[in-house]
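Undergrad: Single-letter residue listing:
Protein chains: 2
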Amino acid sequence: MSEKKHFFNAKHVAIVGLGLIGGSMARGINRAGFRGTLVGAVETEADAKRALTLGLVDACHADIATAVADADLVIVAVPPAALATVFDQIAAHAPADAIITDTGSSKQSVVRLAEHHLSQRLVHFVPGHPIAGTENQGLEAGFTTLFDGRRVIVTPTDATGAKALDCVVGLWKELGASVIEMEAARHDEILAATSHLPHVLAYALVDTLATRSERQELFAFAAGGFADFTRIASSDPGLWRDIVVANRAPVLDVLDTYIDNLKHLRAAIDKDDHAAIEAVFKRAKAARDEFNGRPEESTS
Amino acid sequence: MSEKKHFFNAKHVAIVGLGLIGGSMARGINRAGFRGTLVGAVETEADAKRALTLGLVDACHADIATAVADADLVIVAVPPAALATVFDQIAAHAPADAIITDTGSSKQSVVRLAEHHLSQRLVHFVPGHPIAGTENQGLEAGFTTLFDGRRVIVTPTDATGAKALDCVVGLWKELGASVIEMEAARHDEILAATSHLPHVLAYALVDTLATRSERQELFAFAAGGFADFTRIASSDPGLWRDIVVANRAPVLDVLDTYIDNLKHLRAAIDKDDHAAIEAVFKRAKAARDEFNGRPEESTS
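Top line first, the protein sequences correspond to chains A and B.
Position one of the first sequence corresponds to residue 1 (this note's numbering), numbered consecutively onward.
Position one of the second sequence corresponds to residue 301 (this note's numbering), numbered consecutively onward.
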């Protein structure tokens with residue numbers, strides 16, 4: 001009840017960016033029966049028209065200033081490279097007490113940007129990240145159920161106020177997600193390991209095959225496991241370059257561990273050390289099966 | 301027509317091993333309307349009973365000698381580690397002109413084994429490998445449609461006779477697959493890159509996360525991409541240890557290339573070299589999207 005109240009207390013919600021995440025949030029806010037005004041900000045007038053045609057928002061603008069002018073809640077769902085500019089626009093044009101949240105995949109970099117570009121508004125800012133997504137992007141990529149049963153991590157700073165945090169937590173619950181609070185640094189380590197590293201590995205694998213002379217033949221004989229394994233290599237290259245760069249230190253840390261482990265495994269294969277190879281494979285299978293047994297994950 | 305004839309000319313088919321591959325072949329042979337006798341060989345009497353209950357075969361034995369005694373076609377669908385023993389049993393007990401084929405994931409090692417253990421029968425031996433599978437194993441893992449629209453690679457040796465090759469090609473076509481003939485060495489390179497390497501990478505990734513102290517937390521926050529990426533790490537560890545060891549040289553070759561590429565990517569991330577990172581990600585996405593566009597693969 002209290003979350004509902006918090007969420008619907010926002011009468012004017014602006015979403016900057018209506019791609020997979022922002023577009024799914026718009027759809028979810030509509031599904032939740034939001035009775036206030038939902039405004040979108042996108043890059044072009046053409047996209048603004050399309051967003052209206054798709055019924056994502058009540059109004060849509062190609063400039064952020066207009067979109068956020070009356071907002072009491074601003075959701076920033078843009079690629080990492082656009083964040084600084086978007087924060088500047090919000091700082092210049094949103095009402096002084098507007099609550100602001102983002103959806104970025106690395107949180108320490110977002111907090112650093114917010115400290116510079118939203119400095120007067122840090123009490124109203126809640127860094128957030130929904131652990132949900134697909135490899136698709138654009139206005140049509142979103143869908144209402146994207147966050148159902150998924151987890152959202154919020155990483156409030158020392159400056160974040162309780163009212164802003166309550167509002168954003170309530171929003172995500174209305175969207176069907178459960179919310180976990182943690183330090184930004186902890187978030188970045190976890191995501192580096194479970195999301196950013198797999199993307200780097202999948203891109204590197206497909207690229208390894210793609211740059212071989214027999215590329216056509218290789219892909220022709222790839223089986224289902226390969227298709228699953230490399231699905232995430234279809235994700236937006238520019239976006240993922242920015243995510244990896246924004247979360248550089250934790251990504252390098254877990255990537256180094258991975259490369260070390262891979263070298264040990266390579267040595268075991270080279271030495272025909274059956275026990276060492278099987279030990280790695282067995283530990284992995286046990287962990288994967290345990291992970292897969294979680295009802296929430298098994299359908300994803 | 302000619303393939304049909306070849307296939308149904310086999311009046312007595314024995315399948316040694318009724319796991320995912322052998323069990324799916326049994327189901328597919330039944331679906332194809334085979335009118336001869338289909339016999340299975342499994343490890344235990346209990347499995348033999350279960351195979352009969354499942355309706356996989358007309359008769360099932362826990363000893364290979366009995367199962368292959370009257371066979372004119374013997375399909376060997378056992379893990380790599382069991383091949384030598386199974387070949388010895390076939391050499392000792394199958395009719396002298398029985399056609400023999402296998403389904404193993406590395407072909408040079410199988411050919412070497414066959415040269416030692418089926419030496420008098422090489423004219424009747426056709427090395428084969430269906431590019432199809434799931435992470436499941438056991439008598440219940442197979443299904444009728446596993447090979448529909450998939451590719452099967454056969455790697456006949458200089459000794460393989462035309463009659464044996466025709467029979468095995470016809471068999472796979474009856475099971476819904478298309479058949480490609482190539483050198484065993486070429487097969488092993490392709491599979492090392494498209495199947496064995498992804499398995500090694502997925503096992504290493506899950507193991508990297510599993511051996512971290514925050515394991516539970518890591519897996520709790522893993523999203524859908526991680527689930528897809530690591531599905532193949534649920535595959536049988538013993539089987540995949542044997543596959544990787546059997547195909548050691550090609551696996552090490554492509555693994556070394558991959559580790560090199562990963563190190564270059566690591567350096568690019570470390571140096572904040574946006575262009576280099578994006579170049580890799582873009583090439584990979586283009587190749588992946590092209591691969592995914594193939595109708596055959598898109599549903600797998």
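Please keep in mind that the hints were generated in silico from the structure rather than gathered at the bench.
Nothing here was measured: the structure is a model prediction, and the numbers come from that model.
Quick reminder that beta carbons are idealized off the backbone N, C-alpha and C, glycines included.
Fair warning: there could be bad hints in the mix.
What the hints assert, rightly or not - Derived DEER-like restraints, expressed as beta-carbon distance ranges: (1) Asp-388/B <-> Thr-257/A: 49 to 59 Å; (2) Glu-140/A <-> Ala-575/B: 24 to 34 Å; (3) Asp-448/B <-> Ala-162/A: 51 to 61 Å.
Undergrad: Each of the hints needs a verdict: does it hold here or not?
TA: Structure-based check of each hint:
At roughly 44 Å, the beta-carbon separation of Asp-388/B and Thr-257/A lies outside the given 49 to 59 Å, and the hint is violated. At roughly 29 Å, the beta-carbon separation of Glu-140/A and Ala-575/B lies within the given 24 to 34 Å, and the hint holds. Range check, Asp-448/B to Ala-162/A: Cβ separation about 58 Å, and the 51 to 61 Å hint holds.
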